[in-house]
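4 protein chains.
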Amino acid sequence: SSNFFLLSGPCAIEGETMALQIAERIVKITEDLKIPYIFKGSFKKANRSRVDSFTGIGDEKALKILRKVSETFDVPTVTDIHEVSDAEKAAEYVEVLQIPAFLVRQTDLVVAAAKTGRVVNLKKGQFMSPESMKHAVRKVTDSGNEQAIITDRGTMFGYQDMVVDFRGIPTMKQYAPVVLDVTHSLQQPNQASGVTGGRPELISTMARAGIAAGVDGLFMETHFDPANAKSDGANMLHLDLLEKLLTQLTALRTTINSL
Amino acid sequence: SSNFFLLSGPCAIEGETMALQIAERIVKITEDLKIPYIFKGSFKKANRSRVDSFTGIGDEKALKILRKVSETFDVPTVTDIHEVSDAEKAAEYVEVLQIPAFLVRQTDLVVAAAKTGRVVNLKKGQFMSPESMKHAVRKVTDSGNEQAIITDRGTMFGYQDMVVDFRGIPTMKQYAPVVLDVTHSLQQPNQASGVTGGRPELISTMARAGIAAGVDGLFMETHFDPANAKSDGANMLHLDLLEKLLTQLTALRTTINSL
Amino acid sequence: SSNFFLLSGPCAIEGETMALQIAERIVKITEDLKIPYIFKGSFKKANRSRVDSFTGIGDEKALKILRKVSETFDVPTVTDIHEVSDAEKAAEYVEVLQIPAFLVRQTDLVVAAAKTGRVVNLKKGQFMSPESMKHAVRKVTDSGNEQAIITDRGTMFGYQDMVVDFRGIPTMKQYAPVVLDVTHSLQQPNQASGVTGGRPELISTMARAGIAAGVDGLFMETHFDPANAKSDGANMLHLDLLEKLLTQLTALRTTINSL
Amino acid sequence: SSNFFLLSGPCAIEGETMALQIAERIVKITEDLKIPYIFKGSFKKANRSRVDSFTGIGDEKALKILRKVSETFDVPTVTDIHEVSDAEKAAEYVEVLQIPAFLVRQTDLVVAAAKTGRVVNLKKGQFMSPESMKHAVRKVTDSGNEQAIITDRGTMFGYQDMVVDFRGIPTMKQYAPVVLDVTHSLQQPNQASGVTGGRPELISTMARAGIAAGVDGLFMETHFDPANAKSDGANMLHLDLLEKLLTQLTALRTTINSL
Numbered sequence: 003s004s005n006f007f008l009l010s011g012p013c014a015i016e017g018e019t020m021a022l023q024i025a026e027r028i029v030k031i032t033e034d035l036k037i038p039y040i041f042k043g044s045f046k047k048a049n050r051s052r053v054d055s056f057t058g059i060g061d062e063k064a065l066k067i068l069r070k071v072s073e074t075f076d077v078p079t080v081t082d083i084h085e086v087s088d089a090e091k092a093a094e095y096v097e098v099l100q101i102p103a104f105l106v107r108q109t110d111l112v113v114a115a116a117k118t119g120r121v122v123n124l125k126k127g128q129f130m131s132p133e134s135m136k137h138a139v140r141k142v143t144d145s146g147n148e149q150a151i152i153t154d155r156g157t158m159f160g161y162q163d164m165v166v167d168f169r170g171i172p173t174m175k176q177y178a179p180v181v182l183d184v185t186h187s188l189q190q191p192n193q194a195s196g197v198t199g200g201r202p203e204l205i206s207t208m209a210r211a212g213i214a215a216g217v218d219g220l221f222m223e224t225h226f227d228p229a230n231a232k233s234d235g236a237n238m239l240h241l242d243l244l245e246k247l248l249t250q251l252t253a254l255r256t257t258i259n260s261l
Numbered sequence: 003s004s005n006f007f008l009l010s011g012p013c014a015i016e017g018e019t020m021a022l023q024i025a026e027r028i029v030k031i032t033e034d035l036k037i038p039y040i041f042k043g044s045f046k047k048a049n050r051s052r053v054d055s056f057t058g059i060g061d062e063k064a065l066k067i068l069r070k071v072s073e074t075f076d077v078p079t080v081t082d083i084h085e086v087s088d089a090e091k092a093a094e095y096v097e098v099l100q101i102p103a104f105l106v107r108q109t110d111l112v113v114a115a116a117k118t119g120r121v122v123n124l125k126k127g128q129f130m131s132p133e134s135m136k137h138a139v140r141k142v143t144d145s146g147n148e149q150a151i152i153t154d155r156g157t158m159f160g161y162q163d164m165v166v167d168f169r170g171i172p173t174m175k176q177y178a179p180v181v182l183d184v185t186h187s188l189q190q191p192n193q194a195s196g197v198t199g200g201r202p203e204l205i206s207t208m209a210r211a212g213i214a215a216g217v218d219g220l221f222m223e224t225h226f227d228p229a230n231a232k233s234d235g236a237n238m239l240h241l242d243l244l245e246k247l248l249t250q251l252t253a254l255r256t257t258i259n260s261l
Numbered sequence: 003s004s005n006f007f008l009l010s011g012p013c014a015i016e017g018e019t020m021a022l023q024i025a026e027r028i029v030k031i032t033e034d035l036k037i038p039y040i041f042k043g044s045f046k047k048a049n050r051s052r053v054d055s056f057t058g059i060g061d062e063k064a065l066k067i068l069r070k071v072s073e074t075f076d077v078p079t080v081t082d083i084h085e086v087s088d089a090e091k092a093a094e095y096v097e098v099l100q101i102p103a104f105l106v107r108q109t110d111l112v113v114a115a116a117k118t119g120r121v122v123n124l125k126k127g128q129f130m131s132p133e134s135m136k137h138a139v140r141k142v143t144d145s146g147n148e149q150a151i152i153t154d155r156g157t158m159f160g161y162q163d164m165v166v167d168f169r170g171i172p173t174m175k176q177y178a179p180v181v182l183d184v185t186h187s188l189q190q191p192n193q194a195s196g197v198t199g200g201r202p203e204l205i206s207t208m209a210r211a212g213i214a215a216g217v218d219g220l221f222m223e224t225h226f227d228p229a230n231a232k233s234d235g236a237n238m239l240h241l242d243l244l245e246k247l248l249t250q251l252t253a254l255r256t257t258i259n260s261l
Numbered sequence: 003s004s005n006f007f008l009l010s011g012p013c014a015i016e017g018e019t020m021a022l023q024i025a026e027r028i029v030k031i032t033e034d035l036k037i038p039y040i041f042k043g044s045f046k047k048a049n050r051s052r053v054d055s056f057t058g059i060g061d062e063k064a065l066k067i068l069r070k071v072s073e074t075f076d077v078p079t080v081t082d083i084h085e086v087s088d089a090e091k092a093a094e095y096v097e098v099l100q101i102p103a104f105l106v107r108q109t110d111l112v113v114a115a116a117k118t119g120r121v122v123n124l125k126k127g128q129f130m131s132p133e134s135m136k137h138a139v140r141k142v143t144d145s146g147n148e149q150a151i152i153t154d155r156g157t158m159f160g161y162q163d164m165v166v167d168f169r170g171i172p173t174m175k176q177y178a179p180v181v182l183d184v185t186h187s188l189q190q191p192n193q194a195s196g197v198t199g200g201r202p203e204l205i206s207t208m209a210r211a212g213i214a215a216g217v218d219g220l221f222m223e224t225h226f227d228p229a230n231a232k233s234d235g236a237n238m239l240h241l242d243l244l245e246k247l248l249t250q251l252t253a254l255r256t257t258i259n260s261l
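Residue numbers (this note's numbering), protein chains in the order written: chain A, 3 to 261; chain B, 3 to 261; chain C, 3 to 261; chain D, 3 to 261.
This is chain A alone, in the form it adopts within the complex:
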């Protein structure tokens, strides 16, 4: 397809029913729009600000749900890993291993992911320049894996805000396909409450600008009921809004491809 690809799903796997329902809905929309689709769900949330934040339903259980989604709808899936020992385990269940932004400088973790032979989605650290992602990609290719992708989820701007630097998109496309994470890049970290804030009303603006700037893919978290999601509720897209958004973005992509 000449359309952009999409990584989308709930922030965390909260249960089988919700995962299958969300996947079904997105699969239907993306098939219609010829958007290559990868179902996203975290099997564990390892970097919450507070010890009492939700961290998951159990690793094995969540990974099996990811496999079930994949088998049911014939789509690849992506999940994030946090320790070297996660790499092989998760690689048995998913097609894409994601390195969280905070961990993208951990050489052992990146190399372990690369060595599974799976696609490695490297999130740009909020503290890294676009240019410095060259080194992260090289750790993957030096491990004999040519399937790195880079996802930009914004860059620290002061203590409590993030900004997406669209200049980085053409820069990082020199190293690997580039994805814009439109929901996390709207986060506002380090809030007094210990719970990250967000600005979901800007999702469409971010996504349009990303497509116009030439991204290869988009990443967005979505949920039937963001306000009651167990994590990242402040910045997920309501699933009911997804079809219209992707339809618009596909039209925009068609124009961009024609220029």
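Honestly, I wouldn't trust all of these hints.
The list treats identical chains as one, so a pair stands whether inside a single copy or across any two.
[To be verified] The calculated lysine to aspartate or glutamate pairs, modelled on EDC-like cross-linking and capped at a C-alpha distance of 20 Å, are:
1. K175 x E203
2. K91 x D110
3. K47 x D144
4. K136 x D54
These are computed hints drawn from the structure, not numbers from a lab.
Following the hints, put chains B, C and D in place on chain A, whose structure we already have.
Using the frame of chain A, we list chains B, C and D on its own:
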């Protein structure tokens, strides 16, 4: 026109011939593309980093050239002012008075510009939030002038870099029409040499993202020979590249309008 | 004196009585501590966020009060200027002309101040690197004036916060004597209200760190009743706290001088 | 002792001889100055920008050298851990477990460190606010360990620079004892070469400002021959300069204690 509008021309008025030649070329292109066009040229450069930087050919002389451009091609013109006393003087020659980014907090200057009745183009300070531009616009409207526009030329990011925060575009559109300054927002200030750097290869990326994010207008400086321009050569667009760029952006705008 | 020097006074000259009372108190304290003292007061506030903010009691009136403070207590005074025409006018009344941070890139203004022969206090722009202040100082010296000083009042850090970069102090001391503005550097700009916030409880921490890092002088605004001051109340030091603070800082300076 | 405490040693354990020689020298200096001393050395470098950077001499071997330093000189030691499985292993050899700045949001790692009962040194993430360290400390105390300390190693400022925000020191002292890492906070990350730069000539300025701002401890990496060190050579302090620096800082601390 449903197309975006354009403020464009050389950074500084270096002489009558160059101004007329640049204007003629842009007028031709923008007429074909139905882009409302405003010729831009500074009559004085007042905020150079170094005392030996080029500051202009003489205020009166430059302002007269601006008027001549306007009369010759029947287009409005815009120039920037730096002191209260500039406001009335420049208002005799141009249709749009621009408040430089460093000066947008100077109440007396903004009010003086507003009181001339001309359109007032408020550049967002590199040190200001999109939300804080509400106060700058209010200074114009409180002076009885409803014709404010806001131009974003980027925000400080560390000492030697700037970033455009596209979240600010929908925010600022609540206050006034919003223009993206695609050439200055690619500047890299505070370089060791005392001469601001730039990344003109990213002009197209910035402009596309701006149109996609919903700007009303674009601002870009252009020159027959940027490398030999008397100011801001590091980030002006070569005039030969303008037609293709504006054609692409017009196609993109047509799609955006249809969404 | 081997002690640091001090620029201090109210943000704005609100009237003669308050100016003389504040000056008297500070003169007494600084004489005891052998701190060379310069009385500070703005004759006009030109860069408020909102048009309805307090801007002054009248230029001439305020300047005359500055002269009266100088004559009454035999201390030099400092005030800030905003337009070229202010330079000569203010120079008749005060010994030090201050260039506001937002205006330090305005060449005409810096040159006009320099040409009066008065000391020129260049505030580092919140958007400038320490290294770039070299160019501002050179504009003063190129105008035949060797009496430039630099005052650091912090650097933009995201939209709503500022940070003091203490690495800049030794850097800027290569160009001119360096002052730390401990009250403005604690400001938090671009607040939703349109009124700048502040964190006055950190004044002592900032001042101590500044002395330890080797500043030549300190700048701090003070008032009998900061909460009811007509401008910058959010970050002035209460006058009752000044003596203890300066006593502690003098002890610290004595140690620093001995290392 | 009423003096500050010191975490110091080479960036990485390169071998037994170098570790013992460096420790011997620092032990001698700190005994004379009554500075409580903790020997620092990484047993593994896990977050290098490039896969070909030095990562260590072998985990077990390095940890045994740390224990030998401790036994030889009767000083506690500190090392950093990167995965949950490192916590118990390292806790057998050292008295203080350090959580690297990039990893301080990894709940499992912080909890694993806390559960060993060792002192936990939490490095403030370059992407975290001082206030947000409250949550990191709470993860330690919620695990039944009251011995957390916080080390500030600077905050991202643009892509290629870091700044120490001294306002954060009193803030973080509300949560735990605060250490300033004077060598890492002078790093300049994301350099084009893939090797982090530094500004070691500013170590004394940073350390003085930290003591003046009230830190409880200092962290500084040192080496006989920084230029030839296997990691972080760009910003370690030459060991020959340590005695003079600590002598000056002790004098400063004595004054601060007396205020």
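Tested hints:
1. K175 x E203: between (27 Å within a copy, 14 Å between copies)
2. K91 x D110: Both: 15 Å inside a chain and 18 Å across chains, each within 20 Å.
3. K47 x D144: between (28 Å within a copy, 18 Å between copies)
4. K136 x D54: Answer is between; shortest inter-copy Cα gap is 14 Å, intra-copy 36 Å.
Checked against the numbered hints above, the structure breaks none of them.
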